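Residue numbers (the numbering used here), protein chains in the order written: chain X, 1 to 337; chain Y, 338 to 674.
One should not assume that every hint holds.
Pairwise CB distance ranges, derived in the manner of DEER restraints [claimed, not checked]:
no. : chain 1 : residue 1 : chain 2 : residue 2 : range
1   : Y       : Glu-570   : X       : Ser-37    : 31 to 37 Å
2   : X       : Ala-170   : Y       : Glu-497   : 43 to 49 Å
3   : Y       : Asp-508   : X       : Lys-54    : 38 to 44 Å
4   : X       : Thr-101   : Y       : Thr-438   : 31 to 37 Å
5   : Y       : Asp-655   : X       : Ala-110   : 57 to 63 Å
Some chain X residues flagged as far from chain Y (calculated, every beta-carbon gap over 10 Å) [unchecked claim]:
no. : residue
6   : Phe-16
7   : Lys-20
8   : Gln-49
9   : Lys-54
10  : Arg-103
11  : Arg-136
12  : Gly-163
13  : Glu-166
14  : His-232
15  : Leu-266
16  : Asp-278
17  : Phe-295
18  : Ser-319
19  : Gln-322
Derived SDA-like pairs: lysine to any residue, alpha-carbon spacing no greater than 20 Å straight-line [unchecked claim]:
no. : chain 1 : residue 1 : chain 2 : residue 2
20  : Y       : Lys-437   : X       : Asn-114
21  : Y       : Lys-501   : X       : Asp-142
22  : Y       : Lys-501   : X       : Val-38
To be clear, the hints were calculated from the coordinates, so they are not data collected in a lab.
All of these numbers come straight from a predicted model, not from anything done at the bench.
Glycine included, C-beta positions come from ideal geometry on N, C-alpha and C.
Number of protein chains: 2
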Amino acid sequence: MGLGRLGQTLTAREIFELVKKDLERVEREISLESVASVDAVTTISRYLQDGGGKRLRPILVLLASQLVGGVSDGTIRMAAVVEMIHAATLVHDDVIDIAKTRRGRPSSNAIWGNHTCVLAGDWLYMQAFQVALRERNFHVLDVLIALTQMMVEGELLQLERIGKIEISEADYMELVDRKTASLFSACARLGAVMGTIPGAASEALETRLGEFAWNLGIAFQLVDDMLDFTSHEKVLGKPVGSDLREGKVTLPLIYALEEATPEERLLVGTVLTDGNYDRAPFAEILRLIQQRHGFDRVRERAQSFTERARAIISEFPDSPNQRAMSALTELVTERDH
Amino acid sequence: MGLGRLGQTLTAREIFELVKKDLERVEREISLESVASVDAVTTISRYLQDGGGKRLRPILVLLASQLVGGVSDGTIRMAAVVEMIHAATLVHDDVIDIAKTRRGRPSSNAIWGNHTCVLAGDWLYMQAFQVALRERNFHVLDVLIALTQMMVEGELLQLERIGKIEISEADYMELVDRKTASLFSACARLGAVMGTIPGAASEALETRLGEFAWNLGIAFQLVDDMLDFTSHEKVLGKPVGSDLREGKVTLPLIYALEEATPEERLLVGTVLTDGNYDRAPFAEILRLIQQRHGFDRVRERAQSFTERARAIISEFPDSPNQRAMSALTELVTERDH
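Chain X with its partners taken away, still in its complex shape (with noise of 0.2 Å):
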């Protein structure tokens, strides 16, 4: 993450400050539940945990807890079993995307194969669940499980509009809202619901954290699809441009092909069939972009989610958590990674 703005607004340090001992007890809750009976699974566990990765998620169910009374012992656990479905979603997601690289190292399929890697999938998931059915907490359980299906759900739905130039906004904001947002507002009302205080989550509390949480998710993954295209190699950990090589049409290049020539239409075709950019280069992809104001409108479509989870988090008495959700917002939307 970049630094956030001078001001009242905290820096991502100073965040990162609030959480980091709840962080290091989440890492160690993740080690620890990572170890299966075979060797396999725990090498990839592992392998996923050790690759980084910016720990929203579980930076945002202890946000959450802290903000409604402090955290127990269920957020750290919570933390861990977002963090383990967020890693069996993507171990799942390369073996579909046959993806190469993940956070600039190989994938766990290029490695382990997709044999191997639906299994270690599935052994994730079903781990995750172990952990959070020891809460004893059946909302918890409602609310993982029907977000889990959720995000299944939106993979399938990617995989049938792969290669299809014809994908409207709508088509892209569900797809965003099933396999982001949904988990960053799951994150923050199960932060919400391990608080502390027991029942100082109101339903009416954990509703508003989420709503917040799936308006900041929105703009991560708008921010990240932009990125797709404007950032370098080095920085994404993966090849730019990957997403249309992988036949998935995002927001900047929906907003551009609304204003393109036949000619520029044809251009992104020629993408889409050969799923590379040898005939059609990708710095012309990216002009065409520039031209048509796709980055701007998405750099504003995604202001305006961000703006909106501020205005949910200002709801709230200040506090230095409160001032984090806050500042995580900007952090989020001016993120070159």
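Go by the hints and put chain Y onto chain X.
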């Protein structure tokens, strides 16, 4: 299934008549719960459901419930849940085995592709858990999630052993336990828990019925692995000798290899290396197993498990239901597909 023996034991038809009406309710429940918001999943689920199969697992749930008092609405749902979990494992297994046919039809991955099937399997798991979650019974969820994880670990172990000739009987039994017997056991236990009279199924009763089904499951898989060699493609719904072709050394071969000459070991090794019977004809492998008493010994072994299952069920008071469960053990060992 073949017909049962003469005498007190029930025939397959008679067992089926006992559960027929309830089984129809289970089928309706599965249809109802397999409708996804993504068409591909609904289609795949329906394809799997229509593909037949013996419905042994739901039948076990129903019989166990009946034995402890009667079939409840929860029994029907749980019978649907175990069949959906079974279907989910089959979809992922077929992806992993790169299977082309199952039950005499193209396998789901052959029609819809591996990618969709990975996600369809995920969806079926989640949907099964959703339905189970509605029971608001933590014990049920404990059983189901531990079971699913156990099965996934079994598949992973199997994957690690693919193509290896040095498989011990203990290695093999571990896989059979994880892949088949655990699910059978869970079916009987869940059936016991779901019986109409609340609390009728004590922990001891649940455990005992679980042990019955566990032994039945082992016998079932032993016979299954024998039939993979001795049956016919039309009856099996897939080519004979598939296991060995896929690199899986099962018990008939493990026993035969114990007494095999170096030349015979080489013959088996050739199939494992080649992944086909071009250089080491299937007929020769078959003769080898026969000559080395592989089938005789597996048949005896299966028999000892069915006897244990029958001994357990004989502890229960005589009733049509109790006799059906006893007869089931014979049908399983004497079936020809």
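Given as non-interface: Asp-278 (chain X), partner chain Y, CB spacing beyond 10 Å
holds (24 Å)
Outcome for the supplied range 57 to 63 Å, where the beta carbon pair is Asp-655 (chain Y) and Ala-110 (chain X)
Given about 60 Å between the Cβ atoms, the range holds.
Using the Cβ atoms, figure out if Asp-508 (chain Y) sits within 38 to 44 Å of Lys-54 (chain X).
holds (42 Å)
Taking the closest pair, is the beta carbon of Gly-163 (chain X) still more than 10 Å from chain Y?
Check passes; 13 Å lies beyond 10 Å.
Assertion that Phe-16 (chain X) lies outside the chain Y interface [Cβ separation over 10 Å]
holds (33 Å)
CB-CB spacing for Thr-438 (chain Y) and Thr-101 (chain X) relative to the 31 to 37 Å hint
The hinted range 31 to 37 Å holds for Thr-101 (chain X) and Thr-438 (chain Y), with Cβ atoms some 35 Å apart.
For Lys-54 (chain X), which was marked as not at the interface, is the minimum beta-carbon distance to chain Y over 10 Å?
holds (24 Å)
Against chain Y, does Leu-266 (chain X) hold up as non-interface, every C-beta pair farther apart than 10 Å?
holds (27 Å)
Proposed proximity, Asn-114 (chain X) with Lys-437 (chain Y) (alpha carbon, max 20 Å)
holds (17 Å)
Take the C-alpha atoms of Lys-501 (chain Y) and Val-38 (chain X), compute the straight-line distance between them, and say whether it is at most 20 Å.
Holds - the C-alpha atoms of Val-38 (chain X) and Lys-501 (chain Y) are around 17 Å apart, at most 20 Å.
Take a look at whether the Cβ-Cβ distance between Ala-170 (chain X) and Glu-497 (chain Y) falls inside 43 to 49 Å.
holds (45 Å)
Whether Gln-322 (chain X) stays farther than 10 Å from all C-beta atoms of chain Y, as the label says
Consistent with the label, Gln-322 (chain X) stays out of reach of chain Y, its closest Cβ about 34 Å off (over 10 Å).
Comparing the model with each earlier hint shows violations of hints 11 and 21; every other hint is respected.
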